[in-house]
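Peer 1: So you can see what is in the structure, the chains are spelled out below.
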Amino acid sequence: MQWDIVIGLEIHVQLATKSKIFSGSSTAFGAEPNTQASAVDLAMPGTLPVPNEQAFRDAVMFGLAVNAEIGRRSVFERKNYFYPDLPKGYQTTQLAEPIVGPGHVDIELADGSSKRIRIHHAHLEEDAGKSLHEDFHGMSGIDLNRAGTPLIEVVTEPDMRSAEEAVAFAKKLHSLVTSLGICDGDMSQGSMRFDVNISLRPKGQDAYGTRTETKNLNSFRFMEQAIHHEVERQMDILESGGTIIQETRLYNGDRNESRSMRSKEEANDYRYFPCPDLLPVVLDEDYIESVRQRMPELPDARRARFKAQYGLNDYDASLLSADTSLANLFESTASHGKDAKLAANWILGEFSARLNSEEKKVAEAPVSGEHLGALVLRIADNTLSSSGAKKVFEALWSGEGHSVDAIIDAQGLKQVSDTGALEQIVDDVLAGMADQIAQYREADEKKRKKLMGGFMGPLMKASKGQGNPKLFTEILQRKLEG
Amino acid sequence: MAISRDDIEKVALLARIQVDDAQAAALEQDLGNILSLVDQLQAADTTGVEPMAHPLDAVQRLRPDEVTEGNQRERFQAIAPATEDGLYLVPKVIE
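Sequences listed follow chains A and B, in order.
Numbering of the first sequence is given in this note's numbering, commencing with residue 1 and proceeding in unit increments.
Numbering of the second sequence is given in this note's numbering, commencing with residue 1001 and proceeding in unit increments.
No lab work stands behind these hints, which were simulated from the structure alone.
Treat the hints with care, as some may be off.
Covered by chain B, per the in silico footprint, the following chain A stretches (three or more residues, Cβ under 8 Å) [to be verified]: (1) 107-115; (2) 124-134; (3) 153-160; (4) 277-283; (5) 335-344.
Fair warning: this is a prediction, and the values are worked out from it, not measured in the lab.
Where a beta carbon is used, it is the ideal one built from N, C-alpha and C, also for glycine.
Could you build the full structure based on these sequences and the hints that come with them?
Peer 2: And the structure:
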């Protein structure tokens, strides 16, 4: 049977505020356990939460970026359940009146088409602490530094039909929240976590099948694998006549397997009710407008501008615009280096390859847009050959030099493009290669191309590697033909 | 509106409160009375009345995003039943 895959996502986005959503504790990552857990975070009796204005500003900015209705009045509710990393016994979250209402995001697919994914809503809530189950004499250790870190939970409609679409949406959202500067996007530190709802239905059927939820996926790769895994699991069950149980599942990416966490029958009844400690938050038109004024350029707009302003192709423009820091680097390189296409090639080629191999972020790269721009300038004006340019890049990256021109001088990489001088070298070299010249002249077109290499080697050697290869080729061809 | 013994047991489980048979019987009576009161409230005509999120007719004040709390771990952990390596220790929980 042919099956339709139906996917909806819930994404937890950790906001990059300095302090927590309801207390003045720091949210910095990696502190000693419980050194950033205040009386409010620990749920000490007599404490009261006071919401962080920045968390609202961030949520509103997100809402505007996904074309959503902003909740002029939003209400916090208590979601009640017991777990030791949640000392209050409830999570403060939003339900009936969230800060962000229905919106949408357009994703681009590999075949060049685009698709609109609807967002059901997004709400503000607090994160829980961390439980460590290593052996503490048969007990669990609790670190509440993360408790109270502000999150927005983004809930989509079940609009995605494949793992590809789900991953494209996840990446688009990542690009959006990092461009807005509301999330650091560091998935390895849990700054974005995905829950995936999956169901299958026979092709052509309108009604949805029974869904499962796979929780807490923290990388695009695991998310993709988990979807494939769950689709296959459900397909096997359905095709052998079984039924899907609505349940929450946990996926183990290292083993590519999943297990049931709890079924619907055992599911918690969260007994939501409005939090009496918090009043409704009311945001007026002026407030929302002030956030709108401070919105940075969004990736889609930037991509369009890169194509129009710099003449980049769609592929390069979309790669460069998806990551704000990479986009900024490109603009800086292009302004210093004049040749925008060359700047794009270097950033997406040599520079990105180097970042990946050293697992660095753009901000950590030892090479700036000013460096790259100067490099591009010297390639464009023929001072550097491509191999010379790579040597300069190497020197910049390893910190051997800080000025492109100084490195070119120090390493003698200046390409000789004086045709008179080059012609002289060609004459000298050809004088000792009579046999090869004869062989070349007898050869057909195809073979001639191969034989060219035999001349280029000695020429580059004679010019100490500094002859402009393009000019050498031109001169050589003219001499050999004649 | 009556409340069943099953409801009592479920609510007790969710609240993590142990309830014996005698207590359950008493609760059945008490909660049943409360629900009767709710039934009376339900009978009121609320057409055009917005649901109330808070009894005070006021809006929430927000605070600026500043770190105002320092590390007071020593003081908090002095009153905790068990700690180790800066962590609070609790009976082992694995879902």
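Peer 1: Evaluate each hint against the coordinates.
Peer 2: Each hint tested on the structure:
Counting residues of the region 107-115 of chain A whose CB lies closer than 8 Å to any CB of chain B gives 0, which falls below the minimum of 3, so the coverage claim is violated. Remark: the region 124-134 of chain A is confirmed as covered by chain B, as 3 of its residues place a Cβ nearer than 8 Å to a Cβ of that chain, reaching the required three. Coverage of a stretch by a chain is defined here by at least three residues with a beta carbon nearer than 8 Å to that chain's beta carbons; for the region 153-160 of chain A and chain B the count is 0, and the condition is violated. Taking a C-beta to C-beta cut-off of 8 Å, the region 277-283 of chain A contributes 5 residues in contact with chain B, enough for the three needed, and the coverage statement holds.
A count of 0 residues in the region 335-344 of chain A with a Cβ less than 8 Å from any Cβ of chain B is obtained; the coverage claim is therefore unmet, three being the minimum.
Comparing the model with each numbered hint stated earlier shows that hints 1, 3, 5 do not hold.
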